[in-house]
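Colleague: Chain by chain, the residues run as shown.
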Amino acid sequence: MTEKLAHAPGAAPVRGPRALIFELGAPESRCVEAPPLDVPMGVVDDLLGGRARRAPLVLPNVTELEIMRHYAHLATMNFGVDSGMYPLGSCTMKYNPRINEDACRLPGFAGLHPYQPEASAQGALELMSGLSDVLAEISGLPGITLQPAAGAHGELTALMVFRAAHTARGDARRKVIIPDTAHGTNPASVSMCGWETVTIPSNEQGEVDVEALKAALDSDTAAFMLTNPSTIGLFDSQIVEITEAVHAVGAYAYCDGANLNAILGKARPGDMGFDAMHINLHKTFSTPHGGGGPGSGPVCVTEELAPFLPGPLSVELEDGTFGLGWPEHTIGRVRSFYGNFGVLVRAYAYVCALGGEGLTEVAEQAVLSANYLKVLLQDAFEVPYGRTCMHEFVMSGARQKRENGVRTLDMAKRLLDYGFHPPTVYFPMLVEEAMMIEPTETEPLAALDAFAQVMLTIAEEAASNPELLKHAPYTTPVRRLDEAGAARNPDLRYRPPEA
Amino acid sequence: MAHPSDRKYSNEHEWVLVQGDVATIGISDFAQDQLGEVVYVDLPSAGDVLATGDSFGEIESVKSVSELFAPLSGEIVEVNSALGDTPETVNSDPHGAGWMVKVKLEDAAQLDALMSAEEYDAFIVEG
Amino acid sequence: MRYIPVTCEQRETMLRVVGVADVDVLFDVIPEAVRVVGGLDLPEGMSEIELSSHLSALADQDIAASELVSFMGAGCYDHYVPSVVNHVLSKPEFFTAYTPYQPEVSQGTLQAIYEYQSMICALTGMDVSNASMYDGATALVEAALMACRVTRRSTVVCLPTVHPEWQNTLATYSDAGQFSLCDQPSADVTTGATVLASAAHTALLGLAEVLAKGDVAAVLVQSPNFFGSFEDLERMALMTHESGALLVVATNPVLLGIMEPPSVYGADIVVGEGQPLGSATSFGGPGLGFFTCRQEHVRQMPGRIVGRTVDVDGAMAFVLTLSTREQHIRREKATSNICSNHALNALAAGAYLSAVGEHGLAGIARSCVAKAHYLREQLLATGRFRAPWEAAFGYEFALEFLGDVRSMQDTLLARGFFAGVDVSDVEAEHATGMLPAAGDNLVLFAVTEKNTRAEMDAFAKEVASL
Numbered sequence: 001m002t003e004k005l006a007h008a009p010g011a012a013p014v015r016g017p018r019a020l021i022f023e024l025g026a027p028e029s030r031c032v033e034a035p036p037l038d039v040p041m042g043v044v045d046d047l048l049g050g051r052a053r054r055a056p057l058v059l060p061n062v063t064e065l066e067i068m069r070h071y072a073h074l075a076t077m078n079f080g081v082d083s084g085m086y087p088l089g090s091c092t093m094k095y096n097p098r099i100n101e102d103a104c105r106l107p108g109f110a111g112l113h114p115y116q117p118e119a120s121a122q123g124a125l126e127l128m129s130g131l132s133d134v135l136a137e138i139s140g141l142p143g144i145t146l147q148p149a150a151g152a153h154g155e156l157t158a159l160m161v162f163r164a165a166h167t168a169r170g171d172a173r174r175k176v177i178i179p180d181t182a183h184g185t186n187p188a189s190v191s192m193c194g195w196e197t198v199t200i201p202s203n204e205q206g207e208v209d210v211e212a213l214k215a216a217l218d219s220d221t222a223a224f225m226l227t228n229p230s231t232i233g234l235f236d237s238q239i240v241e242i243t244e245a246v247h248a249v250g251a252y253a254y255c256d257g258a259n260l261n262a263i264l265g266k267a268r269p270g271d272m273g274f275d276a277m278h279i280n281l282h283k284t285f286s287t288p289h290g291g292g293g294p295g296s297g298p299v300c301v302t303e304e305l306a307p308f309l310p311g312p313l314s315v316e317l318e319d320g321t322f323g324l325g326w327p328e329h330t331i332g333r334v335r336s337f338y339g340n341f342g343v344l345v346r347a348y349a350y351v352c353a354l355g356g357e358g359l360t361e362v363a364e365q366a367v368l369s370a371n372y373l374k375v376l377l378q379d380a381f382e383v384p385y386g387r388t389c390m391h392e393f394v395m396s397g398a399r400q401k402r403e404n405g406v407r408t409l410d411m412a413k414r415l416l417d418y419g420f421h422p423p424t425v426y427f428p429m430l431v432e433e434a435m436m437i438e439p440t441e442t443e444p445l446a447a448l449d450a451f452a453q454v455m456l457t458i459a460e461e462a463a464s465n466p467e468l469l470k471h472a473p474y475t476t477p478v479r480r481l482d483e484a485g486a487a488r489n490p491d492l493r494y495r496p497p498e499a
Numbered sequence: 001m002a003h004p005s006d007r008k009y010s011n012e013h014e015w016v017l018v019q020g021d022v023a024t025i026g027i028s029d030f031a032q033d034q035l036g037e038v039v040y041v042d043l044p045s046a047g048d049v050l051a052t053g054d055s056f057g058e059i060e061s062v063k064s065v066s067e068l069f070a071p072l073s074g075e076i077v078e079v080n081s082a083l084g085d086t087p088e089t090v091n092s093d094p095h096g097a098g099w100m101v102k103v104k105l106e107d108a109a110q111l112d113a114l115m116s117a118e119e120y121d122a123f124i125v126e127g
Numbered sequence: 001m002r003y004i005p006v007t008c009e010q011r012e013t014m015l016r017v018v019g020v021a022d023v024d025v026l027f028d029v030i031p032e033a034v035r036v037v038g039g040l041d042l043p044e045g046m047s048e049i050e051l052s053s054h055l056s057a058l059a060d061q062d063i064a065a066s067e068l069v070s071f072m073g074a075g076c077y078d079h080y081v082p083s084v085v086n087h088v089l090s091k092p093e094f095f096t097a098y099t100p101y102q103p104e105v106s107q108g109t110l111q112a113i114y115e116y117q118s119m120i121c122a123l124t125g126m127d128v129s130n131a132s133m134y135d136g137a138t139a140l141v142e143a144a145l146m147a148c149r150v151t152r153r154s155t156v157v158c159l160p161t162v163h164p165e166w167q168n169t170l171a172t173y174s175d176a177g178q179f180s181l182c183d184q185p186s187a188d189v190t191t192g193a194t195v196l197a198s199a200a201h202t203a204l205l206g207l208a209e210v211l212a213k214g215d216v217a218a219v220l221v222q223s224p225n226f227f228g229s230f231e232d233l234e235r236m237a238l239m240t241h242e243s244g245a246l247l248v249v250a251t252n253p254v255l256l257g258i259m260e261p262p263s264v265y266g267a268d269i270v271v272g273e274g275q276p277l278g279s280a281t282s283f284g285g286p287g288l289g290f291f292t293c294r295q296e297h298v299r300q301m302p303g304r305i306v307g308r309t310v311d312v313d314g315a316m317a318f319v320l321t322l323s324t325r326e327q328h329i330r331r332e333k334a335t336s337n338i339c340s341n342h343a344l345n346a347l348a349a350g351a352y353l354s355a356v357g358e359h360g361l362a363g364i365a366r367s368c369v370a371k372a373h374y375l376r377e378q379l380l381a382t383g384r385f386r387a388p389w390e391a392a393f394g395y396e397f398a399l400e401f402l403g404d405v406r407s408m409q410d411t412l413l414a415r416g417f418f419a420g421v422d423v424s425d426v427e428a429e430h431a432t433g434m435l436p437a438a439g440d441n442l443v444l445f446a447v448t449e450k451n452t453r454a455e456m457d458a459f460a461k462e463v464a465s466l
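Protein chains in written order, with our numbering: chain E, 1 to 499; chain X, 1 to 127; chain W, 1 to 466.
Note that these hints are calculated values from the structure, not bench results.
Nothing here was measured: the structure is a model prediction, and the numbers come from that model.
Treat the hints with care, since some could be wrong.
[To be verified] Taking lysine-lysine and the DSS-like style, the derived pairs with C-alpha atoms no more than 27 Å apart in a straight line are:
#1 Lys-333(W) with Lys-175(E)
#2 Lys-333(W) with Lys-214(E)
#3 Lys-102(X) with Lys-470(E)
#4 Lys-214(E) with Lys-175(E)
#5 Lys-401(E) with Lys-63(X)
#6 Lys-461(W) with Lys-450(W)
#7 Lys-333(W) with Lys-63(X)
#8 Lys-401(E) with Lys-470(E)
[As the list claims (entries may be wrong)] Computed far set for chain E versus chain X, every beta-carbon distance over 12 Å:
#9 Glu-126
#10 Lys-214
#11 Ala-306
#12 Val-315
#13 Gly-485
#14 Pro-497
[Claimed, not checked] Here are the simulated distance ranges between beta carbons:
#15 Glu-12(X) with Asp-220(E): 27 to 37 Å
#16 Pro-201(E) with Thr-13(W): 38 to 48 Å
#17 Glu-244(E) with Asp-6(X): 50 to 60 Å
#18 Glu-119(X) with Thr-13(W): 55 to 65 Å
#19 Gln-19(X) with Pro-384(E): 42 to 52 Å
#20 Asp-171(E) with Leu-111(X): 42 to 52 Å
#21 Met-316(W) with Val-125(X): 39 to 49 Å
For every residue, glycine included, the Cβ atom is placed at its ideal position computed from N, Cα and C.
For reference, chain E alone in the conformation it holds in the complex (with noise of 0.2 Å):
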């Protein structure tokens, strides 16, 4: 008998009236308005060069009342960290601290403008050299640029500073390998890249396919993309003999960092020979989600490489004094300005709250709290890669498909009645009907505990009573969507009803 949480999200179902912002309010509502002008206005048309809008411009005309009305009720129906656990696979939902969000606020940060002298700036360039000391430290990789945007982002950067490498030796390349468990990132920026993909399978642990591998591996070949811990949750324990494969040939090893929360303080990418790598900040530092995004993806580079990073970057002058500056064979810049400066500011009071001992912790908590959960469902249900995981393991809903019809799916959308997030769901694509589940190291064991009795309850569900997932959920704010409508019919916008 499982008790319901209480902090069920939707538990009351929220099925009244629901409006758009732009059914709300009237026409002569009214929330900020522009000051008095104290200043003398020309005609618009003739100031803007006869450029005044006649186009209609129809936007929301509500009071403060209304507005906060509106997203209070909007964020009943979302469910966030705080609201409950999110096992997600490869996501690293952990908590986002609130020192965090108060730091991100201070004039002294937000109020910013890029362009401002130097010497004006001195805390946040200190703030940002900081942190790339940091990164390094932890990656083992010496050349950091904190400009990309999001780990996609991050992995295009750094293969274009691959690129740029091959180039300056006069040995262009236009092939990446990835193995087939490979997020879809990965092949995404190997196109954004100019170059081919060329993917090879897995071994039967789960592993890479060293044979497949060194086959795949030729004078053409730019780069091996890997993610260690994989993203079935294992350590590739072949990773030395596996980077030395790749250099062999004369290509880059890159690793993606998503899964960084395994190992920190425990291993370092660049010690296992990988060239260069991102690091999600919005995973592994804290950094929230914001319902998706912003990120930063910084990137890790070696020595060899550095030179080719992005810029500007903050740099530690002769004097003490923090400057930014250009590497000297830089590939340019992937973005305006600097990089998400009030991410880099949540990551780096998450480091320094955390400390090397704080941050090895994460590691092992981490670890053990995903075994944990691995040992109480692997009975319930096929766990393919039995040993010990790392972070996040993987588990296969294809007996409950097997035996009772009911797919990963349905068990994932009635995770969500009992008051939790599912797993990543269908990822990787290596493994039948997939789960990956990845608790963080910031769950409370009774969360972990709950999780696991959840889940327990629904293969027992998925046996007696296989009708009743098929149509899950039944307690959150909407139901099963029409995905294939929505699909097949775009509504992307609101249009005004016509006057």
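Take the given structure of chain E and dock chains X and W to it, following the hints.
Modeller: Chains X and W alone, transformed into the frame defined by chain E:
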């Protein structure tokens, strides 16, 4: 599931129905079931020429995309434009109203390389 | 153990359940050769009180432009952020939420983004908007890539008056080989804009001549441009479409409150930097790349998109849709590699535009334009500046300072004013061609609704006394 025996099938799950010198091409019932609800079909135009094995379009469900591979070669003489408005026809009637392109058959011998309904039914069980 | 709720005792219980004596055993799979020995070489963790003190000390070293009188713009603008915006952003249900892949528990995020998309379409006049990109620069790059897909061509012409940093970004992506940048038309120092047609006997290259060389996928134009001047979008659209290319226009979203949207002139893709809509300047990031296009091209648009649908009970619901364009499904053939976007900044923009409405936005934009014109007049009246051109502008303009820009700015900063942006600093990384012909000492001034007449008068007085 038994696929209709009046036509041939490719190992990419397309069917070919020949009437005179025109070959109609679509995807099999097995294929539409695997895909799930079809939301969009991207087809070439009449006048385009297909070469055997080439990708000639794409079919999308909510969470997947599959390429369509030409089971034979020839010039496209007609395209099922109704699928633009109602792509779900591919699900409801994959062997009839869900047809995709009609091609002028270049070489009838190409049909020999395709599977009969029986062979196809066995093929999908093995795969 | 910071942020780790599991107690030492509970850890022991968990170890027993897992069947290992020590947590280190779980890391045995890592080859000894690559294990970290002796922990990370990092300082000890700080208590919250120490951390708070440390962060404040760092921030206090900075002289934030938003706290003084600032006339800096050049792609990042110090507009007033309504109180409601930060209160909305601070709701944990929004900021601690994941990407809304499970729509049943993400209706808050999804509806807010749908509303944002709607508002951006309203502003730009375009049919569809995505759920956000990183910034204006990368949105411009993605527009170039999209135009290449739509036209099946691979050459792009970027006008010289686009922000130098955006041009730099475009060049970096171009080096990666998916598209090439052809010759640029020349900058027109008489208008602060772009030359459309080459004049006889000059070395100036016009857009018409560049397009005539053929095979162009897109013309990328920013209007108002980096110098604050307007480009002739109407004529550009005609030329561009005649050549079979798409017109990509980057624009200022606040000015759209009173300015004709690029859709009216025939733009095919409209992008820009959305930071002015409710995001702090924050040393340049995170900002907001907004991206809109025509309905017919929606399947080639990059980024996440929210669509409206219903659930099994027929209730209104929102969901991420048209996902087959994206990397997690289409992989190497995806429209872009983008995964994480700038959803929270998009939420800020939606809250901002809701707070101001079209009347508030128009008032703010009018205020910015009126004040900018006032400041320009006052600065010219000091006799210390020269106008490089007489051209219409919105709330940003360029003037040539008759003296050393750096020392002028240093002096004025000491008196509490951030005196604009030195164009040659920005151009150091990518030349527009406007310098040196328009002057070596060009300064960009932006004025927002936050700047008062008293501040502008005081500033002008300081300038005059130099």
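Colleague: Hints first: check each against the structure and report whether it holds.
Modeller: Here is what the structure says about each hint:
no. : hint                                   : verdict
1   : Lys-333(W) with Lys-175(E)             : holds, 15 Å
2   : Lys-333(W) with Lys-214(E)             : holds, 26 Å
3   : Lys-102(X) with Lys-470(E)             : violated, 39 Å
4   : Lys-214(E) with Lys-175(E)             : holds, 14 Å
5   : Lys-401(E) with Lys-63(X)              : holds, 19 Å
6   : Lys-461(W) with Lys-450(W)             : holds, 19 Å
7   : Lys-333(W) with Lys-63(X)              : holds, 15 Å
8   : Lys-401(E) with Lys-470(E)             : holds, 11 Å
9   : Glu-126                                : holds, 46 Å
10  : Lys-214                                : holds, 29 Å
11  : Ala-306                                : holds, 39 Å
12  : Val-315                                : holds, 45 Å
13  : Gly-485                                : violated, 9 Å
14  : Pro-497                                : holds, 25 Å
15  : Glu-12(X) with Asp-220(E): 27 to 37 Å  : holds, 29 Å
16  : Pro-201(E) with Thr-13(W): 38 to 48 Å  : holds, 39 Å
17  : Glu-244(E) with Asp-6(X): 50 to 60 Å   : holds, 58 Å
18  : Glu-119(X) with Thr-13(W): 55 to 65 Å  : holds, 59 Å
19  : Gln-19(X) with Pro-384(E): 42 to 52 Å  : holds, 48 Å
20  : Asp-171(E) with Leu-111(X): 42 to 52 Å : holds, 49 Å
21  : Met-316(W) with Val-125(X): 39 to 49 Å : holds, 43 Å
The earlier numbered hints that this structure contradicts are 3, 13.
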